[in-house]
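Asker: In case you want the letters, here they are:
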Amino acid sequence: MKADIWKLLTLVVVLAMLVTSLAACGAPAPPPVPTELPPSEATAAPPPEATEAPEAEPVTLRVGATTIIDALNPATGWESYYLRYWFHDGLVEWAELNTFEPGLAESWTVSDDGLVWTFKIREGLTFHDGTPCTAEDIAWSLNLLMEEKFPPLIGYVYGFEEVIALDPTTVQITVSEPSALMISARLHYAFILPRSVWEGMTVDETMEFEDIRAVIGTGPYKLVEYAEDEYMIVEANEDYYRGKPVIDRIVIQQYATEDAMVQALLAGEVDLITEVPSTAVQPLQAAENVEVAIMDSLSVEDLVINSHVDGTQPESLNDPAVRLAIEYAIDKQKIIDVAYAGYGEVATSVLAPVMGDWFNTDLMAVPFDLDEANRILDEAGYVDSDGDGTREDADGNPLEYRLYAEEIGSYARAIEIISDGLRQIGISAPPTVMDGDALYDFLAPDWDFDMIYWGWGWDPDPDFAVSCFTCIQAEAGGLSDCGYCNEDFDAIYLQQARTLDHEERRELIWGAQEILFQDRPYIMIAYIPTIQAWRSDRFTFTDFSAGDVLRKWTLVRDPQPVR
Amino acid sequence: MQRSDYLIRRTFFALATLVAVVVFNFFLFRILPGDPVKAIIRSPRLTTAAREKLRVDFGLDKPIFFDGERLREGDVAGAFDTQFTAYVRALLRGNLGISFRSRRDVAEVLAERVWRTVVLVAGAETLAVVFGMALGLVSAWRRGTRLEMTILLWALFSWGLPTFFLGIVLLLLARGHLPVGGMVVPGLKPEAGLVYWVDVGRHLILPTLTMTIIYTSSYVLIMRSTAVEVLSEDYILTAKAKGLNTFQILRDHALKNAMLPMVTMVALNLGYTVGGAIQVETVFSWPGIGRLMYDAVQLRDYPVLQGVFLLLAVSVIAANLLADILYSVLDPRVKPE
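In order, the protein sequence lines correspond to chains A and B.
Under the numbering used here, the first residue of the first sequence carries the number 1, and numbering increases by one thereafter.
Under the numbering used here, the first residue of the second sequence carries the number 564, and numbering increases by one thereafter.
If you're looking for bench data, these hints aren't it; they were derived computationally from the structure.
What you are looking at is a predicted structure, and each value in this text was computed from that prediction instead of being measured.
Glycine included, every Cβ here is placed at the ideal spot set by N, Cα and C.
There's no promise every hint is true.
For the chain B half of the interface with chain A, some residues (derived, Cβ under 10 Å), not all of them [to be verified]:
#1 617
#2 731
#3 735
Computed spacing ranges between beta-carbons, pair by pair [what the hints assert, rightly or not]:
#4 B:582 x A:384: 33 to 41 Å
#5 A:333 x B:710: 38 to 46 Å
#6 B:625 x A:435: 21 to 29 Å
#7 B:627 x A:334: 28 to 36 Å
#8 A:504 x B:674: 56 to 64 Å
#9 A:423 x B:710: 25 to 33 Å
Bound-form chain B, shown alone:
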């Protein structure tokens, strides 16, 4: 009963956030400096008339939010014939618009890209969580030893590494052994079966490794500090006194109790990493959502940017909701009031 109330409230907040994001998204891109028509038309040999025609084609001739002039003239419907209402109407119909760049449906472009980023992020997150938890636990258990210092130093060092820098270093090191960019050798198709997937896997290694190294460090640090706290608890002493071995203590007592902040962190990170892949995808020319966003910013491709941001917002909000739910499930003390 209590829990379902809590879930309903959480879901409602999530939806309200989403609506706010939708509105915010629209204005965010309109206050950016730069003119999309100018950005689209890199070839500057265009007459002013043709430029205006493009503006009309893209709906950029309409007022952004509200036409005060027409309202004063009593034309209420006309006053709201704006870029904003067009955006909301289309969105309600599930239409994310047409890319300025390729003239393709934004939903279609996103659908094509999103799994590539998901594969990259999911792989890196999984590895990072496994390594992060293991190294964090070990360093907490062996507190004050050289081993802990080494792990801690490495974690702090890699935590401070800029993603693109690490990416370029790995790229230089692996040159000649692993492909430096792209997702697959040009022309290779999924129909080729195993050959295709092996090739995609080869292209995945460097970006995944880069992300894993960067993300592992934060998990190590979180896991270590929580575990240090947990290990000083009386029940650990009790467990030792009961004669349980180290592995059992760590697995059954320390790990479980240290999991709470980890779960929150992982859930939140999952939401952000979809967007956070932008640097890795740029360094390794991985054609996912991050790269799409990078190109879209350069070309002022508003519909695509709006689509990407909506997707990111949805994933962050969903991850938050998930964290809330998991938290209430995992920790019996966290009972919503």
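Chain A on its own, in the form it takes in the complex:
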């Protein structure tokens, strides 16, 4: 009897060993390295090292990312802008965090009335498929965008009346009114697309074009292969007008979670990861052969206060004194320390400091001061008359607010700290987290919330950030999440967009920030850095001026493989 039970057990053990040995025999085999791969169908030519110098082994950078890539087609793809920049160029390029340099255009002039822009185009430009890119092709492409066949790009030719090629190296753009945004908020996003691919297509054909040729452009990298939710492989464009990029081949590996991505870097399965969660910074810094860069970014985190005239917020929340008291009661540094592992800066203006002189440095941060907050509320007549710990306004309505945040770990922790601070000044705001889309439903047209904690990633030009607070954006379909509407503010906004003189425009932008600081449709919490990490035993990165080592021009010249 005893022997029989052992027979059965042995069976189980043998089976278990079979499985584990399967696992084990896989382990020692070195993982195939992408550089050894046979060239795929898309690269018809044999790898250059086969015919030329044999010692020039192609350099491959393996990038781990969690952003979902949606569509390759610029007419339907909204995500992964950094990838699109690799494939496509504009007339000008976004070089560093707030600087713009000549791109496909070498130089430009603008008429005195600010309506006619003339661009001198580089000579000898070609698209990835070998077709030339002359002034005529560029004019054709900008006209294509003006036809609204490419919804994600429509905004970047806004106000264009006519685009023509005067000769093979000159493009002339006529705009409907003077625009301060031509360079910094229009043309670097208005990608130049090849006629050889897109000519003669209807709107439907354009939208449904999912061929690999949809990403043909003039940029430093061309697409070799894309597998949805798996990876993307791109290859250097030898004919790129600023010279062949240092890295020959980039493989982007898609991870579904940040945890897996961080582990992949530690294991050396990827060389660089793009969105390091702040909680992973210390383990990565402690790891061998891993370096971490913490770079200023255009991301801001804010507490939105419902400011819409028809909103459902309690009347007391419209009182500037209450808003000021709330700001005094928020321990911003603690939020940064707890929710962002200390990586961030206490915020003052809606704009980010990296936006250069657009950022209003006169605004003084409101310190965390519960006594001052209590004093302000006392003075404004909000007292706790029934002794339940929550203040009431003159009509006896308690200062109870709905405080929401999206279901993101750092946001959830942030609103707990905010709620805690508010409780200490007699304001009841229990924290509630929910799905981001559910939050969107509280915005226009219902405006059915009191406070929401989340953030923005701004454009380098201040126009976009400021535009989000204009009256028109508070209408249905607009971008406003606070419902703020102020005619004086709108007037400043419109004027700055037309002001070509930098200093004049700067004063207007500073004024706009001052108004928002006083009215508090947002209480600004923190400026959050971009964190990237890479294997220092594989690559050296030294240029962090663009706030992203994968920004097109940084990527083209900066990374050096470790030999």
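Use these hints to put chain B onto chain A, whose structure you have.
Answerer: Below, chain B without anything else, positioned relative to chain A:
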């Protein structure tokens, strides 16, 4: 005769369930909070006009079910020119729609993904059934011993383990030895032959192991409790008295009679695990159906979600039908009345 009646009835119920699911599926996604157009357009720099244009492109400008206004005006055909009728019409033609995300045919996307999930789930289920039955039987036979306690404790423990947690722990343990995510090293193609399949196998180990551990526990528990019952039956005593050895008793008498609840459980689980792979596929970035569903929810990709749910519903219904049929075949007592 009786059996074929039973089968026809079962099949009819299965089909009726399917129709209900098709209808339910459509409305399920329309009552979700959030606007697909807003979710698609993450770049917020879009004019209201362009937004409306997208809405028209996706057919989201039409009323969802029924246009009462137009019916009152006597326009019957117009009143039913809705998102729902468009959905049903397309479905009848076998058209699952076009993904909002990639603009690809949903059927094509599903076809590409489904075998990846099937490989993962089938492997894990098979291992789990084998281990589960063996451990369950052993613990029932050795009732009251330390061995049984150990197996039982382990089963209860792993039964309570959250899948994603176990996945992350295994991922940390195996880091450096096994790939932490994906299905294959980027760029490697099936044309590469054995190298490709070995690499896919390496990527499969961790997700399969995670699922196996989680599923084994429920089989152990089921098998053990059924076997304990069976082993107390008189015919087992008779078998012992006949002088059969333990292995024979377990194999020929205990196992066969304990198989019924197992079969039901396995069939039902097969239906659910296709959807249940979502956590494992997310932790290990395995590009199957579960991951597709996860992304589709984030992007409010209705056509893909509808396609995935239809697929899941079909597999659950088919598994149920299979369980019903197997049950009537395996157990002569279960004769449909």
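Asker: Quick check: does the Cβ-Cβ distance between residue 504 of chain A and residue 674 of chain B fall within 56 to 64 Å?
Answerer: This hint holds: roughly 59 Å between Cβ atoms.
Asker: For the hint 21 to 29 Å, verify it against the beta carbon of residue 625 of chain B and that of residue 435 of chain A.
Answerer: 25 Å, holds
Asker: Just to be sure I understand the hint, the distance between the Cβ atoms of residue 423 of chain A and residue 710 of chain B should be within 25 to 33 Å; is that true here?
Answerer: 55 Å, violated
Asker: When you take the CB atoms of residue 582 of chain B and residue 384 of chain A, is the distance between them in 33 to 41 Å?
Answerer: 60 Å, violated
Asker: Let's test the interface hint: is any C-beta of chain A closer than 10 Å to that of residue 735 of chain B?
Answerer: Residue 735 of chain B check passes; min Cβ-Cβ to chain A is 7 Å, inside 10 Å.
Asker: Under 10 Å, Cβ to Cβ, is where residue 617 of chain B needs to be relative to chain A, so tell me if that hint holds or is violated.
Answerer: At about 6 Å, which falls below the 10 Å cut-off, the nearest Cβ of chain A leaves the hint on residue 617 of chain B intact, so it holds.
Asker: Quick one: are residue 333 of chain A and residue 710 of chain B within 38 to 46 Å, going by C-beta?
Answerer: 57 Å, violated
Asker: Is 28 to 36 Å right for how far apart the beta carbons of residue 627 of chain B and residue 334 of chain A are?
Answerer: 46 Å, violated
Asker: Does residue 731 of chain B pass the interface hint, meaning its C-beta sits closer than 10 Å to a C-beta of chain A?
Answerer: 6 Å, holds
Violated hints for the displayed structure, listed by number in ascending order: 4, 5, 7, 9.
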